[in-house]
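> The primary structure of each chain is shown beneath.
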Amino acid sequence: MIKHVDNPVLEVHDLTVSYDRKPVLWDIDLTLPAGKLIGIVGPNGAGKSTLIKSVMGLTPNSSGYVKLFDKDLKQVRDRISYVPQRESVDWDFPASALDVVLMGRYGKLGLFKRPRKADRDIALDSLQKVGMDAYAGRQISQLSGGQQQRVFLARALAQQADLYFMDEPFAGVDAATEKAIIEILREMSAKGNTVIVVHHDLQSVTQYFDWVILLNMRLVGSGPTSEVFTTELLQETYGGKLTLLSDVGDLIRRERFPNREQFDKAQKPK
Amino acid sequence: MEALQIILAGSLVAIACGLLGCFLILRKMAMVGDAISHAVLPGIVLAFLFTGSRDSVTMLIGAGAIGILTTFLIEFFHKKGRLQTDASIGVTFTWLFAVGVILISVFAGKVDLDQDCVLYGEIAYVPLDLWITDSGQIMGPRVLYITGTVLIILIAFISLGYKELFLTTFDPAYASAIGISTAVWHYLLMGAVSLTTVASFESVGAILVVALLIAPPATAYLLTENLKKMLLITSLLGVVISAVGYYLAAWFDGSIAGAMASVAGLLFMLAFLLSPTNGLIAKHRRKKAILKPSGV
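For the protein sequence lines, the chains are A and B, in the order given.
Read in order, the letters of the first sequence correspond to residues 1 to 270 in my numbering.
Read in order, the letters of the second sequence correspond to residues 1 to 296 in my numbering.
These are computed hints drawn from the structure, not numbers from a lab.
Ideal Cβ placement from N, Cα and C applies to all residues, glycine included.
A hint or two may mislead.
To be verified - Chain A is faced by these chain B residues, among others (derived, beta-carbon under 8 angstroms):
| no. | residue |
| --- | --- |
| 1 | Met1 |
| 2 | Gln5 |
| 3 | Leu26 |
| 4 | Glu75 |
| 5 | Phe77 |
| 6 | Lys163 |
| 7 | Leu167 |
| 8 | Phe170 |
| 9 | Ser176 |
| 10 | Ala177 |
| 11 | Ser181 |
| 12 | Val184 |
| 13 | Leu222 |
| 14 | Leu232 |
| 15 | Asp253 |
Stated by the list, open to error - Per label pair, the in silico range of CB-to-CB distance:
| no. | chain 1 | residue 1 | chain 2 | residue 2 | range |
| --- | --- | --- | --- | --- | --- |
| 16 | A | Lys22 | B | Tyr145 | 50 to 60 angstroms |
| 17 | A | Glu187 | B | Ile290 | 34 to 44 angstroms |
| 18 | A | Ala134 | B | Gly254 | 52 to 62 angstroms |
| 19 | A | Gly192 | B | Trp95 | 51 to 61 angstroms |
| 20 | A | Asp27 | B | Ile290 | 49 to 59 angstroms |
| 21 | B | Leu273 | A | Gly239 | 50 to 60 angstroms |
| 22 | B | Leu274 | A | Ala34 | 48 to 58 angstroms |
| 23 | A | Asp72 | B | Lys283 | 26 to 36 angstroms |
What the hints assert, rightly or not - Lysine to any residue pairs mimicking SDA-like chemistry, simulated, CA-CA at most 25 angstroms apart:
| no. | chain 1 | residue 1 | chain 2 | residue 2 |
| --- | --- | --- | --- | --- |
| 24 | A | Lys67 | A | Val89 |
| 25 | A | Lys108 | B | Met1 |
| 26 | B | Lys228 | A | Pro115 |
| 27 | A | Lys108 | B | Tyr187 |
| 28 | A | Lys74 | B | Lys228 |
Build out the structure end to end from the sequences listed, making use of the hints.
If you want it as structure tokens, here you go:
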């Protein structure tokens, strides 16, 4: 089930990516609507991170093209932001939380220019939005995993972009942080920003995302969560991992409790 | 006067190496600095053969180019040959260094270079090697001009490209995502390392350059949690190392470059033990402080 939209914020056409001639993504063809909170779901090694990296031009594509806001990547770089996986950097780095958030302003500053007061204000404001303003001067290695993830999110916010890519922003964070982050993501999409999140926790998919992309090397599904996040398509995405899948089936039923209630009501008069 | 000139030359070299070393160790590329400092040897000899002098800009550029070639080869073997980075570094620089050693021994008659000088340097000769203009005016030690110029170029490079160097060092993926080329800044930094190494080899030698590239930044890393302060502390350490190293060598009448590198190592040990934040003793005390109140 692959649903296409008009005026997409992101259009991926026949995208194939391979490492050492081994394909990682095969013939991906999708369009995504603006202003949505979008989850990319699939098993390990399905190419979820690779998909967002190749969209942003961080890994070379073997074939196909990507259009963002109906333009080439180079023309719209300043409208796109990225939150890499937290483990991708060395947090034992001589930098404060504010230093890291200020990096979000570098793209707009251009070569040789230093951040000004206006940039610092935006950075501090972003830290406040993620509830980290009290830690602005703290060295980043002294922050907890959840706090580090919030700093990364604040850096993306400081960029004031329209389209955000996030690589597993919920990995290794506590429940409170996860809740705080999803609140912020919802606010962002309510403001018309598009947020695309690589996600591996199937349990929260229906709660979090408006739109879901199911991926396992090739594209299994892309569309509104209620239409795409179904047992059949999940089975297709995850292959033969049956024990897991029966759990997922349970989950879907449980999470659609309101629906079932309606279903029950409809049945009762009989 | 001579002492001052030697200490000044040593400080200039130590500061230049230290500033670059800060970025090298944060990029986990300390050994690439080691590799470049050795691999420029054939460049130095070849440039010497072609130009016949040691003070030409041609030599700096020629040897600098070999330095960049070294980093390119390291990347190439790592990416295309799927060789581990450390193995790739090991193969590349030993091979280029060996070529340099052969060149020196073959052209020993024609080249005013000897292996000892290239490897260990001789900073004591700094005051003797004067820059004399065509009109016969004595301008002072030549090495001071070369290392001084290199240091000015480096400071300009680091202050103009500070935010790019900072970002590409900390988070290269994010840097590329917002359109800052990691490759460009990688090669600019490596070019700067090559230039500095070539400019420093006469005073401290190809091997001891490594000590000045790594030891002061590593010491500063233990003392601060702010990159700008780390650069500043590294520079101060450079001056201390040079001055203490000189008087230490004068006292036991030994190699000045050797004494400087030893002082650098000694300062690192001190920071390792005594740093208020990361030091072994501070950590031990904190551990005790945590254990005591809970122990009934």
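> Run every hint past the structure and note whether it holds.
So, going through the hints one by one against the coordinates:
1. Met1: At about 39 angstroms, which exceeds the 8 angstroms cut-off, the nearest Cβ of chain A leaves the hint on Met1 (chain B) violated.
2. Gln5: Status violated, d = 34 angstroms.
3. Leu26: OK, holds: Leu26 (chain B) within 8 angstroms of chain A, min 7 angstroms.
4. Glu75: Since chain A brings no Cβ nearer than about 16 angstroms to Glu75 (chain B), farther than 8 angstroms, the hint is violated.
5. Phe77: violated, 16 angstroms
6. Lys163: holds, 6 angstroms
7. Leu167: holds, 5 angstroms
8. Phe170: holds, 5 angstroms
9. Ser176: For Ser176 (chain B), the interface hint holds, since the closest Cβ of chain A sits about 5 angstroms away, which is under 8 angstroms.
10. Ala177: holds, 4 angstroms
11. Ser181: violated, 11 angstroms
12. Val184: violated, 11 angstroms
13. Leu222: Where the cut-off is 8 angstroms and the nearest Cβ of chain A is about 11 angstroms from Leu222 (chain B), the hint is violated.
14. Leu232: violated, 12 angstroms
15. Asp253: Since the shortest Cβ distance to chain A is 39 angstroms, the answer is violated.
16. A:Lys22 to B:Tyr145: 50 to 60 angstroms: holds, 55 angstroms
17. A:Glu187 to B:Ile290: 34 to 44 angstroms: holds, 40 angstroms
18. A:Ala134 to B:Gly254: 52 to 62 angstroms: holds, 54 angstroms
19. A:Gly192 to B:Trp95: 51 to 61 angstroms: This hint holds: roughly 57 angstroms between Cβ atoms.
20. A:Asp27 to B:Ile290: 49 to 59 angstroms: holds, 57 angstroms
21. B:Leu273 to A:Gly239: 50 to 60 angstroms: holds, 56 angstroms
22. B:Leu274 to A:Ala34: 48 to 58 angstroms: Taking Cβ atoms as reference, Leu274 (chain B) and Ala34 (chain A) lie about 57 angstroms apart, which means the hint holds.
23. A:Asp72 to B:Lys283: 26 to 36 angstroms: Distance hint for Asp72 (chain A), Lys283 (chain B) is violated at roughly 52 angstroms.
24. A:Lys67 to A:Val89: violated, 28 angstroms
25. A:Lys108 to B:Met1: This hinted pair is violated, its Cα atoms lying about 50 angstroms apart.
26. B:Lys228 to A:Pro115: holds, 15 angstroms
27. A:Lys108 to B:Tyr187: The given pair, whose Cα atoms are some 23 angstroms apart, holds under the 25 angstroms limit.
28. A:Lys74 to B:Lys228: violated, 32 angstroms
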